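There are 2 protein chains.
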Amino acid sequence: MLRSSFASKRLFTSSSRLLAGTTSSIEARAVVFTEHGDPTKVLKAHRYKLPKLAKGENVIQGVYPSKPKVRDDLGPEPVSIMGNEGVATVEGFVEDGEVEKTLKVGDKGTWASHANLPFTSLIPLPASLHLTHRQSATLAINPPTAYRMLSDFVPLNPEDPNRKKGKKQWVIQNGANSAVGQAVIQIAKEWGVGTINLVRDRPSIEALKEQLTALGADRVLTYDEFLDRSNDIRSQIKQWVGKDGELLLALNCVGGKETAEMAKLLGVGGKLVTYGGMAKTALALPPSLFIFKKLTATGFWLTNWVATHPRERTPMMHALAGLIADGKLKEPETEVVVLEGSDDDVRQRLSDVMKRLEEGRAGKKVLLHWQEESEPSGADRQADDV
Amino acid sequence: MLRSSFASKRLFTSSSRLLAGTTSSIEARAVVFTEHGDPTKVLKAHRYKLPKLAKGENVIQGVYPSKPKVRDDLGPEPVSIMGNEGVATVEGFVEDGEVEKTLKVGDKGTWASHANLPFTSLIPLPASLHLTHRQSATLAINPPTAYRMLSDFVPLNPEDPNRKKGKKQWVIQNGANSAVGQAVIQIAKEWGVGTINLVRDRPSIEALKEQLTALGADRVLTYDEFLDRSNDIRSQIKQWVGKDGELLLALNCVGGKETAEMAKLLGVGGKLVTYGGMAKTALALPPSLFIFKKLTATGFWLTNWVATHPRERTPMMHALAGLIADGKLKEPETEVVVLEGSDDDVRQRLSDVMKRLEEGRAGKKVLLHWQEESEPSGADRQADDV
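Protein chains in written order, with the UniProt record's numbering: chain C, 1 to 386; chain F, 1 to 386.
The set of hints was computed from the structure by calculation and includes no laboratory data. In this text, all values refer to a predicted model and were calculated from it rather than measured experimentally. Take the hints with a grain of salt, since some may be wrong.
Same chains, same label: a pair holds when it works inside one copy or across any pair of copies.
[To be verified] Listed below are the simulated BS3-like cross-link pairs for lysine-lysine, each with C-alpha atoms no more than 27 Å apart in a straight line:
no.: 1; residue 1: Lys264; residue 2: Lys280
no.: 2; residue 1: Lys257; residue 2: Lys293
no.: 3; residue 1: Lys330; residue 2: Lys364
no.: 4; residue 1: Lys330; residue 2: Lys243
Please take these sequences and the hints and turn them into a complete structure.
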């Protein structure tokens, strides 16, 4: 049986005592919703007997193409279980066989895409790496997204035989403070790739610039600084990249005005890779960039990649876990929210957290931890070993 | 020496008696401009002794990245010669040598990019193909643009070993009535690829639909029909393509609202190829298409392609000339405007033609023909043998 802890930013995920087997009579708890809507209101706690595993993605806002599956086998009312990223420690097994050949008691497993956990969706992380729960719970989605975007569009990965020698390579990204953005900065640094990082202005901007610089960012600019024409930032960036450097990759999770400006800075044949649309508007790009500068705009979604690269995932995750263990890839700042007490208590706590997230007051990635009902109370458990 | 005839739509091109050699004392005439500006006003006739050849692209509106070279060796005033597409018949040679090995008297040559014609920029079209001047003069840019866009992004060319078998392939395009669009329809037809064609509404829309259908278009829709939601055109198009068909390529020379709708119709991994921006606005595309549907937006410009594929051009041009000779690729409707008489007469005629083009009243591609001063008058020469 697995004890679980879950990572998410806007997309909550939770379910306790998930099994690396197929059936059981153990009671599980999960964060669920029975209708789409305001995340501060629709999330609630749910108890159920663990049923047979079923595949299905569990996402609350209904904007993702893979809608959470509505389950009617978990109780009197149909529910959808939240969750697409988490970590659990193996405590035992419901069934012997395949599972025990790979996982050992004490190992951790990280996953994406399945809250009811078929064994094949688990990525085992050997206990010998000594990763914390916080490190493991934030590993499944964002770092691999960064890793793939730095590998698959322009050959920047040092293991890629097509990586250019001689010309220092650069990347520009918006949303550089996101969990993906921070992973981009650190992986690029490790690979000898320069980064130009754009972030929102904020009262604590200098501290943020210092934080990203400490992670390995070469340059950090606010969107205002980047878009201010009196700064002549374009020639400044060209100077940073230099004649013996090359800027061919832009990573976009926002899609505002700055995105077209990032695309304009790319050399001929550059790639603009979109992995998010926080600005919630269409991406507006001048046709001349496509025609005359051979721009390619494309996108990345880890779920698509995983579906088409079943064998490449585990080695990549081990490479990333190795970077983490070596202190070269730090997890984003996290806050553990312990779910405990009555279903009403849990519901209230979920609502409070979602409100803080919506108002942008969390500032950290929130990890949900289901308190085992036999465990000591949550107040004692918010340390890094949660 | 070559006798010349020139094709253009908005971009005039002209210069008579171009040489397949390097220097001479023959007097040439050309359409030139000495300042950028309103094309109905700035174009004029110019006489000069043919100088040494110089490379340079000659484009009037100054919107292309390759600006026309200003020449100060052609007379007292600096001028820029117009022209990037045309045809000429070989009548003789100024210099013997390389040229005569490939070209024979009576052959035609078609070209792009150079008004002062270095031999290497000529694509020889053997006299044995019996192409008319109208066919040859319109061959250098638009049909190869169509050919490459159907070959290089999704493997639709029957000679491509990666072309899928079993699934009928489809293409959707806007501006389908353009010279490129008409070539797309006909080449796709020849290759067994279905086409869905979008055009502007107009009083003669039924005649246009019939004309494009006669060329091989499977479906022709106006933008209004395409964007009218009450038509539920999306499910209709899905039905046309069918479960055993695939729509992975969209060709865009407009960039209006219809472009995002074309992109939405593409299957997962589809390609949106932009080769023009007639709407003169940014291309607006939903980020979700890039992230979840693996859309790739890119562009095509023949000049870029030619620069990077020096050996593949002539075989492609011969394949296209073969399609024309077989009656499978018809040139767009053309109108020959004969330039003759005094420089003022020529200037007036150029101004009239540009006005008609600007007002959209030409309806046809305009070919400029410089009347040799010893030839019979233009009135007798507007037949297809011009």
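**OP:** Just pull the numbers of the violated hints for me, sorted ascending.
**Re:** 4
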